[in-house]
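This is what each chain is made of:
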Amino acid sequence: AQTVTQSQPEMSVQEAETVTLSCTYDTSESDYYLFWYKQPPSRQMILVIRQEAYKQQNATENRFSVNFQKAAKSFSLKISDSQLGDAAMYFCAYRSAFPSSNYKLTFGKGTLLTVNP
Amino acid sequence: EAGVTQFPSHSVIEKGQTVTLRCDPISGHDNLYWYRRVMGKEIKFLLHFVKESKQDESGMPNNRFLAERTGGTYSTLKVQPAELEDSGVYFCASSQRGGPRTDTQYFGPGTRLTVL
Chain D
79 AQTVTQSQPE MSVQEAETVT LSCTYDTSES DYYLFWYKQP PSRQMILVIR QEAYKQQNAT
139 ENRFSVNFQK AAKSFSLKIS DSQLGDAAMY FCAYRSAFPS SNYKLTFGKG TLLTVNP
Chain V
34 EAGVTQFPSH SVIEKGQTVT LRCDPISGHD NLYWYRRVMG KEIKFLLHFV KESKQDESGM
94 PNNRFLAERT GGTYSTLKVQ PAELEDSGVY FCASSQRGGP RTDTQYFGPG TRLTVL
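Top line first, the protein sequences correspond to chains D and V.
Mapping to my numbering: the first sequence position 65 is 143, numbers consecutive.
Mapping to my numbering: the second sequence position 44 is 77, numbers consecutive.
This is chain D alone, in the form it adopts within the complex:
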């Protein structure tokens, strides 16, 4: 079974600075997807960024980028130029690419990010 570990229960960052959230995972599969989801205090969880395991290039979405290290099974999220609106709980998630998995997500425990003005 796959597992996802987020070792930082809480992180804080000053506005306009950069922060990196850590995520490691364990799997024996070769084809899979990794995600970062954000859940602001209003509770709607939204997708921040997604990485396909077969792609070596790290995914980027505006101020959000990932450092995907497949051999190390590491998938960290970097937030540049942090904004107050980035304050949220961030969840790292794994999804198999195999149909037999029904594409269900396996989540880490989350990292609560605080942005200080």
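Among the hints, a few may not be true.
[Said to hold, decoys possible] In silico DSSO-like links for lysine-lysine, alpha-carbon gap of 27 Å or less:
1) V:Lys-74 <-> V:Lys-111
2) V:Lys-77 <-> D:Lys-148
3) V:Lys-111 <-> V:Lys-87
4) V:Lys-48 <-> V:Lys-111
5) V:Lys-84 <-> V:Lys-111
6) V:Lys-48 <-> V:Lys-77
7) D:Lys-187 <-> V:Lys-111
8) D:Lys-156 <-> V:Lys-77
9) V:Lys-74 <-> D:Lys-156
10) V:Lys-74 <-> V:Lys-87
11) V:Lys-87 <-> V:Lys-77
12) D:Lys-133 <-> D:Lys-187
13) D:Lys-187 <-> D:Lys-151
14) V:Lys-74 <-> D:Lys-187
15) D:Lys-187 <-> D:Lys-156
16) D:Lys-156 <-> D:Lys-133
17) D:Lys-133 <-> D:Lys-148
18) D:Lys-148 <-> V:Lys-74
19) D:Lys-151 <-> D:Lys-133
20) V:Lys-48 <-> V:Lys-74
21) V:Lys-77 <-> D:Lys-151
22) D:Lys-148 <-> D:Lys-187
23) V:Lys-74 <-> D:Lys-151
24) V:Lys-77 <-> D:Lys-187
25) V:Lys-111 <-> V:Lys-77
[Unchecked claim] Per the computed footprint, the stretches of chain D lying under chain V, defined by three or more beta-carbons under 8 Å from a beta-carbon of chain V, are:
26) 117 to 123
27) 180 to 189
By construction, these hints were calculated from the structure, which means they are not laboratory data.
The beta carbon of each residue, even a glycine, is placed where N, CA and C say it ideally should be.
Knowing the structure of chain D, use the given hints to seat chain V on it.
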């Protein structure tokens, strides 16, 4: 386009009572997932529907939980009778039918269930 909606947003019940949670997926999404987050723990998968059919119930904790998806549209998750350990946030997510490359799950705001 309306997102995934869930009702109620918060439910407080006594142990032994019954509660029904509802999820309305994004229109046209065949896949519907239920997840649960118990305080301080990971978000855990409960079950998966494709249209009205249950594809995977492997995450359902026990037979006190019953999920249905009438006509392949909205879904309900009933807990009967509720126990203290059922407290948590129940999330619903939906996605279009397709392969792994296109499957992106969109989440609802969750229902916070408190069993006293």
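Now for the hints, and whether the structure bears them out:
1. Between Lys-74 of chain V and Lys-111 of chain V the alpha-carbon distance is near 22 Å, which keeps this suggested pair within the 27 Å criterion.
2. Among the hinted pairs, Lys-77 of chain V with Lys-148 of chain D is consistent with the structure: their alpha-carbon atoms are about 24 Å apart, no more than 27 Å.
3. At roughly 15 Å between alpha-carbon atoms, Lys-111 of chain V and Lys-87 of chain V fall within 27 Å of each other, so this suggested pair holds.
4. At roughly 14 Å between alpha-carbon atoms, Lys-48 of chain V and Lys-111 of chain V fall within 27 Å of each other, so this suggested pair holds.
5. Simply put, Lys-84 of chain V and Lys-111 of chain V have alpha-carbon atoms about 18 Å apart, close enough for the 27 Å limit, and the pair holds.
6. Note on Lys-48 of chain V and Lys-77 of chain V: the hinted pairing holds, with a Cα-Cα distance of about 22 Å set against a maximum of 27 Å.
7. At most 27 Å may separate the alpha-carbon atoms for a hinted pair to count; Lys-187 of chain D and Lys-111 of chain V meet this at roughly 25 Å.
8. Proposed proximity of Lys-156 of chain D and Lys-77 of chain V is supported: the alpha carbons are some 25 Å apart, at most 27 Å.
9. About 23 Å separates the Cα atoms of Lys-74 of chain V and Lys-156 of chain D, which keeps this hinted pair within 27 Å; it holds.
10. A threshold of 27 Å between alpha carbons decides the hint, and for Lys-74 of chain V with Lys-87 of chain V the separation of about 25 Å falls inside it, so the pair holds.
11. Between Lys-87 of chain V and Lys-77 of chain V the CA atoms are separated by roughly 17 Å; this keeps the pair inside 27 Å, and the hint holds.
12. With a CA separation close to 26 Å, the supplied pair Lys-133 of chain D and Lys-187 of chain D stays within the 27 Å bound.
13. Only pairs whose Cα atoms come within 27 Å are accepted, and Lys-187 of chain D paired with Lys-151 of chain D is accepted, the gap being roughly 17 Å.
14. Between Lys-74 of chain V and Lys-187 of chain D, the direct Cα distance comes to roughly 5 Å. Compliance with the 27 Å bound is thereby established for this hinted pair.
15. Our distance criterion of 27 Å between C-alpha atoms is met by Lys-187 of chain D and Lys-156 of chain D, whose separation comes to about 18 Å.
16. For the given pair, Lys-156 of chain D sits about 18 Å from Lys-133 of chain D by alpha-carbon distance, which is consistent with the 27 Å threshold.
17. Distance restraint check for Lys-133 of chain D and Lys-148 of chain D: the Cα-Cα separation of roughly 10 Å lies within the 27 Å cut-off, and the hinted pair is therefore satisfied.
18. Our distance criterion of 27 Å between C-alpha atoms is met by Lys-148 of chain D and Lys-74 of chain V, whose separation comes to about 25 Å.
19. Between Lys-151 of chain D and Lys-133 of chain D, the direct Cα distance comes to roughly 14 Å. Compliance with the 27 Å bound is thereby established for this hinted pair.
20. Proximity of Lys-48 of chain V to Lys-74 of chain V is assessed by CA-CA distance (about 21 Å); at most 27 Å being required, the pair is judged to hold.
21. Straight-line distance between C-alpha atoms of Lys-77 of chain V and Lys-151 of chain D comes to about 21 Å, which keeps the hinted pair within the 27 Å bound.
22. Only pairs whose Cα atoms come within 27 Å are accepted, and Lys-148 of chain D paired with Lys-187 of chain D is accepted, the gap being roughly 21 Å.
23. Our distance criterion of 27 Å between C-alpha atoms is met by Lys-74 of chain V and Lys-151 of chain D, whose separation comes to about 21 Å.
24. With a CA separation close to 10 Å, the supplied pair Lys-77 of chain V and Lys-187 of chain D stays within the 27 Å bound.
25. Our distance criterion of 27 Å between C-alpha atoms is met by Lys-111 of chain V and Lys-77 of chain V, whose separation comes to about 17 Å.
26. Interface restraint, the stretch 117 to 123 of chain D with chain V: holds (4 residues with C-beta to C-beta distance below 8 Å; minimum three).
27. Residue count for the stretch 180 to 189 of chain D with a Cβ under 8 Å from a Cβ of chain V: 9. That meets the three needed, and the coverage hint holds.
The earlier numbered hints are all upheld by this structure, with none contradicted.
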